[in-house]
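As given, the protein sequences belong to chains A and B, one line each in that order. Just so you know, we're using our numbering here: the first sequence kicks off at 1 and counts up by one. Just so you know, we're using our numbering here: the second sequence kicks off at 1 and counts up by one.
The reader is advised that the hints may include incorrect statements.
From the structure, some residues in chain A lie toward chain B, with a derived Cβ separation under 8 Å [to be verified]:
id : residue
1  : 12
2  : 40
3  : 42
4  : 44
5  : 103
These aren't lab readings, by the way, just hints derived from the structure by calculation. None of the values given here were measured: they were computed from a predicted structure. All C-beta atoms, glycine included, are put in the ideal place defined by N, C-alpha and C.
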Amino acid sequence: QQQVKQSPQSLIVQKGGISIINCAYENTAFDYFPWYQQFPGKGPALLIAIRPDVSEKKEGRFTISFNKSAKQFSLHIMDSQPGDSATYFCAASGNNAGNMLTFGGGTRLMVKP
Amino acid sequence: ETGVTQSPTHLIKTRGQQVTLRCSSQSGHNTVSWYQQALGQGPQFIFQYYREEENGRGNFPPRFSGLQFPNYSSELNVNALELDDSALYLCASSLRRSTTLGYGYTFGSGTRLTVV
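Next up, chain B with everything else stripped away, as it sits in the complex (with noise of 0.2 Å):
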């Protein structure tokens, strides 16, 4: 049983550049999530997909996009780059689509992004 992969690991983007982060999600898992981890910070939820429909977005504005494939894994978007996205981009995925239920969200390692 694999876990969650992210790609790539690093990555060194210009302002106003896009990007494409992608996410393998565990085997069996059918939900994902994104979180933005700003250095020294807890992760911040930026989106969730379940069933490649977005399942609950979190305060970040539209040029942060994503899609969710049938085989389960995902992409994180980000248009016009800012500075301040510079991250560690984070993708969880798990069993069901509530994490009340106890099933946890196992996360990947992230992609560290950074915008210059």
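Chain A with its partners taken away, still in its complex shape (with noise of 0.2 Å):
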């Protein structure tokens, strides 16, 4: 069962654009919206986290917009640069949906140069 969807599954922006990847969850007892970032070959690396008492988090150029009535959060990337090419996974928890983290799908961002 595929609690969290994430879309698009491959994205490519230009130097300088806006990165936007989308996630939607389906249950109500996840409280903690983290993005992570992964490189070939390395683990995933946190990148920014939201909990679902405020609407938006910036920090940098990474946002986390964050639409509770929708179950509906996304990441922006401003100023997207070549090192940001990585696959980003969005991912859901809560103390009452089993303590563990529930993943996306993952999406492919390329930036060109």
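Now that you have both chains on their own, put them together as the hints suggest.
Spelled out as structure tokens, the structure:
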């Protein structure tokens, strides 16, 4: 059962552009929504995370937008750089949801110079 | 401060064999979780250990088992290997049992297991 759906599967953006990745979840017990960045041959690394009591969180060029009523959240990468080329995963967890991270299927981002 | 270390980095096993993967958690972390990441997919939760006890399990059969040691390092054991077990196995450690308190996981680079 896929509880977190992520789109698109792949994304090509020009350098300096905005990359947008979307996720939707089903389990209303989720209350922690992190984004992970994974480079080939490496494990996922925490990028930014949000809780449902805020609608937006910004850290540098990375912003999470959260819509609790729609059960959707998204990652925006401003001024995308070739070094941002990686696979991005949204995830969700909650104390009443088994306490583990449930990941989306991933988005492979390529930023062209 | 060291991060999460996994060994071996790559492994090839034959169907039906058994395998043990190892993980050293980040210094001070007391919770270890194991995830399976099939090629082109997101990681899937296998189980979590907190203070040497299993603290949750995903939808994996009993032939997937684990241990956590007093120094918080951990092992993942898989018996009767199947071809579909081929994947990247990730270990993640954290400071607290609950990720919802804001303590994100620190992932290792994984062990790439190939079953032939």
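So, going through the hints one by one against the coordinates:
The restraint placing residue 12 of chain A at the interface with chain B is violated, with a minimum CB-CB distance near 17 Å, outside the 8 Å limit. The restraint placing residue 40 of chain A at the interface with chain B is violated, with a minimum CB-CB distance near 10 Å, outside the 8 Å limit. A hinted interface residue such as residue 42 of chain A counts as satisfied when its beta carbon comes closer than 8 Å to some beta carbon of chain B; here the least separation is about 5 Å, so the hint holds. Contact between residue 44 of chain A and chain B, as hinted, is supported at the beta carbon level, the nearest pair being about 5 Å apart and thus within 8 Å.
Because the smallest distance between the Cβ of residue 103 of chain A and any Cβ of chain B comes to about 3 Å, under 8 Å, the interface hint for this residue holds.
In this structure, the earlier hints numbered 1, 2 are contradicted, and the remaining ones agree with it.
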